[in-house]
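Chains as they are written, first to last, in the working numbering: chain R, 832 to 966; chain L, 18 to 137.
Quick caveat, the hints were computed from the structure, so don't treat them as lab data.
Backbone N, C-alpha and C fix where the C-beta goes; we use that ideal spot for every residue, glycine too.
Heads up, a few of these hints could be off.
[Unchecked claim] With beta-carbon atoms standing in for the labels, derived distance ranges:
| # | chain 1 | residue 1 | chain 2 | residue 2 | range |
| --- | --- | --- | --- | --- | --- |
| 1 | R | 907 | L | 107 | 43 to 49 Å |
| 2 | L | 20 | R | 948 | 25 to 31 Å |
| 3 | L | 53 | R | 948 | 29 to 35 Å |
[Claimed, not checked] Not the full set, but computed from the structure, chain R residues with beta-carbon under 10 Å of chain L:
| # | residue |
| --- | --- |
| 4 | 843 |
| 5 | 871 |
| 6 | 889 |
| 7 | 893 |
| 8 | 946 |
[Claimed, not checked] The following residues of chain R were derived to be distant from chain L, with all beta-carbon distances above 10 Å:
| # | residue |
| --- | --- |
| 9 | 849 |
| 10 | 860 |
| 11 | 918 |
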Amino acid sequence: MADAGPGEASGREPVAAGPGRLLVAVYGIFAVAASSRAGLQLLTRFDDAPVAYLLSALAAAVYLVATVALARSMRRLALYACGFELAGVVVVGAVSLLLPDAFPDQTVWSSFGAGYGFVPLVLPVLGLLRLRRTA
Amino acid sequence: MSTPLAVAIAVVAVALGVACLVLAALDRRPGKPVLQGVLLLQALLLVQGAVAVVALLRGAELPDFGAFVGYLVVSVLLVPGGAVWALEEKSRYGTLILAVVCLVAAVLQQRLLSLWTPVG
Numbered sequence: 832m833a834d835a836g837p838g839e840a841s842g843r844e845p846v847a848a849g850p851g852r853l854l855v856a857v858y859g860i861f862a863v864a865a866s867s868r869a870g871l872q873l874l875t876r877f878d879d880a881p882v883a884y885l886l887s888a889l890a891a892a893v894y895l896v897a898t899v900a901l902a903r904s905m906r907r908l909a910l911y912a913c914g915f916e917l918a919g920v921v922v923v924g925a926v927s928l929l930l931p932d933a934f935p936d937q938t939v940w941s942s943f944g945a946g947y948g949f950v951p952l953v954l955p956v957l958g959l960l961r962l963r964r965t966a
Numbered sequence: 018m019s020t021p022l023a024v025a026i027a028v029v030a031v032a033l034g035v036a037c038l039v040l041a042a043l044d045r046r047p048g049k050p051v052l053q054g055v056l057l058l059q060a061l062l063l064v065q066g067a068v069a070v071v072a073l074l075r076g077a078e079l080p081d082f083g084a085f086v087g088y089l090v091v092s093v094l095l096v097p098g099g100a101v102w103a104l105e106e107k108s109r110y111g112t113l114i115l116a117v118v119c120l121v122a123a124v125l126q127q128r129l130l131s132l133w134t135p136v137g
């Protein structure tokens, strides 16, 4: 899979055009929300649940990467970021339901993102669909 | 943080959000009235931000200070950033982005109000 990156030398439709631009907007809002919350958790309550908060911070960082990669048509990076998010929300969602004690505090991915209106589950799927559509 | 101002912001923001949803459904781009409404919304958001900062500087203490400041910063930057991103898109999706941005602005005021429980 070639990665044309910014500038789209290959002449393909930019990822962030039309519906893709709306997707990037929602991704951006979610990235800001997730990273603000994670930053605050790490700064103020890190000792309460270090694993959950570090996981939240990792998730937030990947959302930021995905937002930038989708916005700038960095397709391979966007593919990895969206794929990682989908895997994360599925794995952590399943583990949080099967072993509730493993996650004493909520992360964005707990219960398949139910605490965030399942946006964490839907976004990477839409991102991957958009990448396939414009490939 | 002024409650009447927060309510006014939420009303303007929801009205703009609904107008943009309708325009997007009609495959139209936001016209001058909507853009003027967005400017008004941002002016109100800036006033609200200033009111909150002044109250904090005068010694108002919040139980969840960090979260409040985070929401406050985002509430002031969201509309300009979102509007620029939206207006560069010359299709109905640009109008839809503006709708999302306005509705999120309304939600942020609600979050700010719920965090605004100053002591002293």
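For this session: List in ascending order the numbers of the hints, as given earlier, that are violated by the structure.
Result: Per hint list: 1, 4, 6, 7, 8, 9, 10 violated.
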